[in-house]
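Chains as they are written, first to last, in my numbering: chain A, 1 to 413; chain B, 1 to 413; chain C, 1 to 413; chain D, 1 to 413.
Since the hints were made in silico from the structure, they are not lab data.
Quantities reported herein were computed from a predicted structural model and do not represent experimental measurements.
Accuracy of the hints is not assured; some may be wrong.
Since copy identity is lost for identical chains, a pair holds within one copy or between any two.
[Stated by the list, open to error] With a cut-off of at most 16 Å between alpha-carbon atoms, the simulated EDC-like pairs for lysine to aspartate or glutamate come out as follows: (1) K151 - E118; (2) K316 - D110; (3) K375 - E117; (4) K370 - E8; (5) K316 - E393; (6) K249 - E76.
Number of protein chains: 4
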Amino acid sequence: MLNKMMNETKVIRDNVHGNIIIKYQIIWDLINTDVFQRLRRVHQLGGTFMVFSSAEHSRFTHSLGVYSIVDRIINEVMTDNLNEYDGIVGLCAGLLHDIGHGPYSHAFEDVFKTDHEEMTRRIILEDTSVNQVLRSYDENLPLAIAQVINKEYHNKLLVQLISSQVDADRMDYLLRDATNAGVSYGLFDLERLLRSMVVVDNRIAFKESGVHVLEDYIFARYHMYWQVYLHQTTRSYEIILHKLLSRVKVLFAASYQFKDDIRFLKPFLNKTTLAIKDYLNLDESILFYYFRCFMDEEDPILKELARCFINRVLFKQIDLDNIQQGLKIMNYIEDNFEKRANYFDISQVKSSLYNYYGEINSQSIIILTKNKELKELYNVSNLVNAIVKSAEEKQEVKLYFHQRYQSLINEGS
Amino acid sequence: MLNKMMNETKVIRDNVHGNIIIKYQIIWDLINTDVFQRLRRVHQLGGTFMVFSSAEHSRFTHSLGVYSIVDRIINEVMTDNLNEYDGIVGLCAGLLHDIGHGPYSHAFEDVFKTDHEEMTRRIILEDTSVNQVLRSYDENLPLAIAQVINKEYHNKLLVQLISSQVDADRMDYLLRDATNAGVSYGLFDLERLLRSMVVVDNRIAFKESGVHVLEDYIFARYHMYWQVYLHQTTRSYEIILHKLLSRVKVLFAASYQFKDDIRFLKPFLNKTTLAIKDYLNLDESILFYYFRCFMDEEDPILKELARCFINRVLFKQIDLDNIQQGLKIMNYIEDNFEKRANYFDISQVKSSLYNYYGEINSQSIIILTKNKELKELYNVSNLVNAIVKSAEEKQEVKLYFHQRYQSLINEGS
Amino acid sequence: MLNKMMNETKVIRDNVHGNIIIKYQIIWDLINTDVFQRLRRVHQLGGTFMVFSSAEHSRFTHSLGVYSIVDRIINEVMTDNLNEYDGIVGLCAGLLHDIGHGPYSHAFEDVFKTDHEEMTRRIILEDTSVNQVLRSYDENLPLAIAQVINKEYHNKLLVQLISSQVDADRMDYLLRDATNAGVSYGLFDLERLLRSMVVVDNRIAFKESGVHVLEDYIFARYHMYWQVYLHQTTRSYEIILHKLLSRVKVLFAASYQFKDDIRFLKPFLNKTTLAIKDYLNLDESILFYYFRCFMDEEDPILKELARCFINRVLFKQIDLDNIQQGLKIMNYIEDNFEKRANYFDISQVKSSLYNYYGEINSQSIIILTKNKELKELYNVSNLVNAIVKSAEEKQEVKLYFHQRYQSLINEGS
Amino acid sequence: MLNKMMNETKVIRDNVHGNIIIKYQIIWDLINTDVFQRLRRVHQLGGTFMVFSSAEHSRFTHSLGVYSIVDRIINEVMTDNLNEYDGIVGLCAGLLHDIGHGPYSHAFEDVFKTDHEEMTRRIILEDTSVNQVLRSYDENLPLAIAQVINKEYHNKLLVQLISSQVDADRMDYLLRDATNAGVSYGLFDLERLLRSMVVVDNRIAFKESGVHVLEDYIFARYHMYWQVYLHQTTRSYEIILHKLLSRVKVLFAASYQFKDDIRFLKPFLNKTTLAIKDYLNLDESILFYYFRCFMDEEDPILKELARCFINRVLFKQIDLDNIQQGLKIMNYIEDNFEKRANYFDISQVKSSLYNYYGEINSQSIIILTKNKELKELYNVSNLVNAIVKSAEEKQEVKLYFHQRYQSLINEGS
């Protein structure tokens, strides 16, 4: 029953993959849950569309895209390696791997101590519409899918398919983010990558003839990180959001009386354990509504930060020599101008943020050489080796500050 | 001063045009107003992304795109035909032509009797951040721009550039909607279309050698209408929205006590004249917030319609023979089952909806023939003639209904 | 043995289809025959690259492309409708359907009375390397393939796959010619077309939901014909070629002594039956060599026509009212200025050349409607109906002439 | 008069650049010379289309493409840096930079000791149709253009435009070769590269914000070299050609009587100085004709090598440890089996072949940093630094041999 086919195959048009094909009823049922539909209201790249205007795509389309790539790999590469049950587990895991993401995950989680990975598991395992759909097909399905996403499933091939250096998730987001942002440097040859993928000893490997496609893929990731994901203006937007959410938290803790009822936000402010249904109420629309309300608040800091966020009054930035210099500045501001500290922040971007390449060592992309040996890509490709080393040396430290302190900064420098 | 250049040219990446270039300071200032930024929170195609998932783009990117095409036409086609003042007026008009759009304009305006064209004029002419920017450069600028958009400007070339059968607006939205939806049939050769454009007697015309590109453009529009814009499932989503907004209006008129304070929606429900600042408060996020709140309301109809809208529980549909049949059904339901009428609606799509081609006669696309004569495209191209006639005959009438009445419909048929 | 797989699947990169996959040994063997390799030396579009410079592709890549589309249709659409034998017959037929084409078929065949369709059959059935490969797998294979190409095979599904209104041949050449020429109007959505294709009663049909893709395909063909295939300058080039080949024939018949030994051309000039090996010796390189030699000939007409052809000294043209007018002019020239007739010609392009749409009636593209009825596209799509009627009315008659007679023409008009 | 405009601007469609615009009469006149038209009969990538089938494009379309990029750079980047005279010199130089290329330059020049760069100069400076066109506009034009191509022109900006690490030539061929071969890894963002290009101190430099585009460009070149230009099968084809041409030379020196008159090849075989008109007679068609004739020759080696070349009977290859090993093998074969040596060859590909990156040091790509300093790309980009070092270490040595010696090789290894 798990493999129940739809009466009529569904085809969803997609600006990245062309056609996304839905054959199994369970996939269609999952897509139609309120929990999955909620992903339409969460931007895939948070505030990046403030810089790359056309990168307005959601986690919804990305999730469909991951499903679609998993579907292709299962049918084109792993036909002899996966049974139908595991195949469907893989499709569901691909579709649901980001189901726990909330609005602007990065800043939000940092302030409210939520964790989208934990939420993904809870959504799959606790009482939600997603869980109901899964159990209606097979009682053990939620656990299996959660294990795949959690990298604990007994069939490691499925785990790699969803979470590894070259997994369906990364493949889709690179292509999707680059396509929507309108930047060609993030594109790579998906067709060729899939054609060079093989299964050896129940592991994903790549034929040596495909090494140049992997090099191109690594290169695309390198550029997407430094040009798009870590773009200085995106970070400015996220810093404002962080400051804004922090201010809400501080005020709430101080029993500040908000003019509007912020009822969907309160569960995150209270110390009690968060119910999954409360978590699922939140999306970017809800959050945005409250930010709009904050523009009418009494507290001048909350009011100003909300204005900056909504009307794109971005913080400015200057380069710093190192993180120590940054911390010294922040300490000075916090010690001497407590309120001003709401308008300053330090952002450090370095290889640690960029540990994707570091992972090559620990997790390894495997090459099946012409002589049928297995080697790490790192040891086969001088180029990848070079890119990784080059990436490790790169870092950036910046001080961000509200525009009103521009003259202050000019004096200080 | 109107032509003040930016210190550094700004380049915005775009998934349709590649690079959008901002040279004038006034354009950058307009983009950075809260009023223009608000367009980021209004989908270009309303609820179409419920069917074409990846069509998630906003009126913000479309407005930039129109600006960009106007910029190209001014520099590549009209160099000798426009002075710098009119050129900048044209750029501003292109950028601002949709500034009055609110969330889900179609259904919203029908229920609340607002008009985005009127709002566009008011935003430009009344006291808003957009108006302030314009006046800071030139006191007469707001009026000039409003006149262009309103088709009353003395220089008709500018009017045609923004509003005609083959204007910058349509060029951008066809390309943008097709690109984002992932459907190739909406694409046409923009480069070639611009190359064939000429100015004759202060009118836009097209060289005869470009007729095939115009045919392709007309064909693209034909397909986008029937495949995307009028897609039966998009209409389902809009009907639910229409029913939902109507229910809010009915309840408010009946002094229903809403649990949540719907303060940004009230100005639209009160009979008084709408202030422009109240209009600008509304966007899809705000509207969505209230819909989410309605899911917790007492009124079962409001509650259910909100649920349908948010969780994509779409109305089903069947074909009807003609509009009379539809009206008879609706009358019957309204007479006998007052409440059920909230869950039924008729949708007629015919050539009148599709009056773009009708306009060819009245407004005319002009061809400059090899012999230097001016003729209507309609009279030059048998193909366009044929497409237009074919389009006029096409129509569709459908009855939409809540899924719970499926069996009722089955019986009835 | 017919289905012998290759040790390692071959992948040929292609600028139209991305990857062309070769799995069967027989296909690889056929590609590697001298007869098939010869297609690399025959341009797909004859002299069209004299106008659309980048349309330099050969019949070799087109043939691979047809094979590739046949492969996809067999695997994606006809899995349950073809047995493996017929599948391989189809692949071979797709690959070999143009194997009999010679250099500049149109003009060449008209002058030398050869027929590429007959040659295709002979190459497959007589003693050639292609025939040897086929027989080495199965004695009956040559006949089966020849029958498919000749529309006589017992399994009509295969026949339709290779030769019908919407066959693999047309699909590839439209996409390939448009891609290489750099004209977007010839493109259509191949993915969607294949997805809407079904087999009903052992016939190819298309789902009603795919009608708009077929409309787009018909539209693409319409434009490719009038903009590319029948381009006035391409016709000029072909007319020169026709005049040149005719002159060779006249001189040879008159026992003219050619300075160079034209040994590979002689079999075509002699009255005896053409041996298949003599036919296969000819390609564009060989022909071109002789044309170059003719530039050094005594006969001034031969010399001049060769110069025009090689150095692209194209004939000019003027529009005529109708074919009668053209014939009158030609008769006058032939009667009064015998030699000048070598530098004049009439070209008529009308619906009869454009009988592809006429074929819709006789051969019919079939639509499987939502109600599971079978109807002709012509009767389902108003648009196709309109395009076909529009096409039937269109015609062009032109007089082509050597540039040296420009002033004569000017006087005459 | 040099800047005489055409009556009507010509637009040539192109599968890489879309539209190529011809405004000056002199450019159109040059394109229409027999000398320039001859480039249609020389493949841009020699025998690469034997591996990448769809890479069938000619030096003709590449030359138009270079012209087109030069045109854009002059108009978009160098408006204030070049006067009209130098602008037109640059356009002509871009168009003519490859005019001296003959068929399969690499192997041909090695055997016959011709040099396409010298031929380019001679074609421009000696009595040819190209020279006539140039002189008809300006007596000094041929010398100016030859100097630009020869890197001796007084205005070094023009020299860089045509010949430098990031010149119009390389930009076009990377894009064109990748597009036609159907490999995405050779593509880079031309728009962005041109936008980041500036002129500083009469030198081409690139803004620091464009460094990532340059990285992508270098990366594309790296991949095109190793995947396409140096592809092992392409080299096999070129080795056969080299052997074949060498055999012709040996036989001619030994007064061998060729059955066919190889009149257009003789000037290359005779010891006398080559006349430019004899050089221009040769193209791939002519050469191919003689190769076809050689298939009917008595000499078994000539006959066999011609067959291998024409029917794509490629030499096989095995990897060697180093060049010394290869030379030892070749010496052994030459000493012991003189005739067999015609069927064996060594191919070494290393960083020296790949000296483009080495040039970075000597010729330098210059970055204009945010602080308005000029630095070498090599010192700004860790990534480029890493790629170059990685490239330097890479090399390949292979032994190629006729298939008939496969068993011999198997024994030997």
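Worksheet entry | Violations among the numbered hints, reported as their numbers in ascending order | 2, 3, 5 and 6
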